[in-house]
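> Let the hints inform the model, and build the full structure from the sequences given.
Letter by letter, the chains look like this.
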Amino acid sequence: MLKVKNGDLDKLGLLYERHKKKLFGFFYNLGNNPSISEDLVQNVFMRMLQYRNSYSGEGAFGAWMFKMARNANYDFHKKTLQTGVLRSTSEIQIKDPMEDRLNEEIEREDNNALLQKALEKLPKGKRELLVLAKYKGLKFSELAQIIGCSEGAAKVRVHRALKELRIIFLELEIG
Amino acid sequence: MDKELFEIKAMEHLTGAASAADTALFESFLDKNPEYKEKFSELKRSWTLLGQLDAPEPSAQMDDSFFTMLSNALQKNKKEESKNMFAGLFGWFKPQFAFGALFLMVGLGVGYFLASNEEKSSNQVVARDKETEAVRQKLILTLLEQPSANQRLQGVGEANKIVAVDEIVIKALLKTLNNDTNVNVRLAAVESLTNYVENPLVRQGLVQAIQNQESPIMQITLANLMVALQEKASIEPFKQLLKNQELDTTVKKKIKNSIESII
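Residue numbers (the working numbering), protein chains in the order written: chain C, 1 to 175; chain R, 1 to 263.
Worth double-checking, as some hints may not be accurate.
Covered by chain R, per the in silico footprint, the following chain C stretches (three or more residues, Cβ under 8 Å) [said to hold, decoys possible]:
{"hint": "1", "stretch": "44-54"}
{"hint": "2", "stretch": "67-75"}
{"hint": "3", "stretch": "110-123"}
{"hint": "4", "stretch": "143-150"}
{"hint": "5", "stretch": "158-171"}
Please keep in mind that the hints were generated in silico from the structure rather than gathered at the bench. In this text, all values refer to a predicted model and were calculated from it rather than measured experimentally. Ideal Cβ positions, reconstructed from N, Cα and C, are used throughout, including at glycine.
Listed below in structure tokens is the structure:
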């Protein structure tokens, strides 16, 4: 990113290749549909170009990028609320039940669908926190940098969000 | 251990952020406190479940939009740099505008009488053009190295925009023509290289590529190109290719016709 900041703009292509899937997964797991998620990824890289001078090189690049991604997501939903455009949440793909699949796979898919639903029911901030924490590359220090709190507080918040998610998940599983 | 400390230690333990000593301490704490052990195993189940969260693959259209955006940004950046350079120059000379004008007049006069060569005035423009092309060439080389065929195609497309490519780009295009796994990328590379057929390196590379191609469409494209160029050096590689028993019959016919047309 420092090279991009110093005018070597074509290096942004390499950053894109390295992080596009992570960012796409982040937006998708926040409940955006694939098309909106792709637009938001594009938006993040446009912001990176626009605000490249704000990158100081201190702290992890991932934290800087996800901070931008959070803002992009926030701005997008603020705008859709203002314009009254409804967003469609990510669709859970329903497969043909006649397909011959292993029980394990079916269970995994069911769990995944239930997990998506549970995440949707979780307050936005907590959901965002869990999606961010899910990416193993992100350390708690980086997470703390993104959400603007101490490292200890980030751990506590993720712990509590995870607990809340489990409660919602179990409720959905029973009901 | 109070509630908050447990929450912190549990997260460190789950994410593998805890040190070996901390891990041992935490595990012995769990062994001594079954209610916390239960809490932790519940948490672990949720964390594992969360790990299953997946997302579909982004589409190729996302790559297209990004590389178009990057290409536009690169062009815009170049334009702005030039603009800033001029703005800087004018800003510098503004207070001494009168002197500047005077020197300009004198300079023009001297220049006229000494009939200095015209090349100097265009040197700056040429240098800037060269700089833009250098950035684009770097972009081409980066794109041609990408794992996605779509991006490599874009790399070849970028090469078409350059008026005078240097040897490195030509070699990269020839490497793509000979080694790329995707036939569309190889076809695009041939098309791009036809822009520089006056260059002996390109001609030589195209002739050498004949024997490396296994795809019928590539073989026919190269045969057509060699006929158009009337490249006699291609006859031998084509004859070698005809010896291949597995060669497609249509391609065989086409190559024979091409050899006759060239001779």
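> Look at each hint and say if it fits the structure.
Do the hints match the structure? See the list:
1. 44-54: Check passed, 3 qualifying residues.
2. 67-75: violated (count 0)
3. 110-123: Holds, because 5 residues of the stretch 110-123 of chain C bring their Cβ atoms closer than 8 Å to Cβ atoms of chain R.
4. 143-150: That given contact is violated, which follows from only 0 residues of the stretch 143-150 of chain C lying within Cβ reach (below 8 Å) of chain R.
5. 158-171: With 8 residues closer than 8 Å to chain R, the stretch 158-171 of chain C meets the three-residue bar; holds.
Violation of the numbered hints given earlier is confined to hints 2 and 4; the remaining hints are satisfied by the structure.
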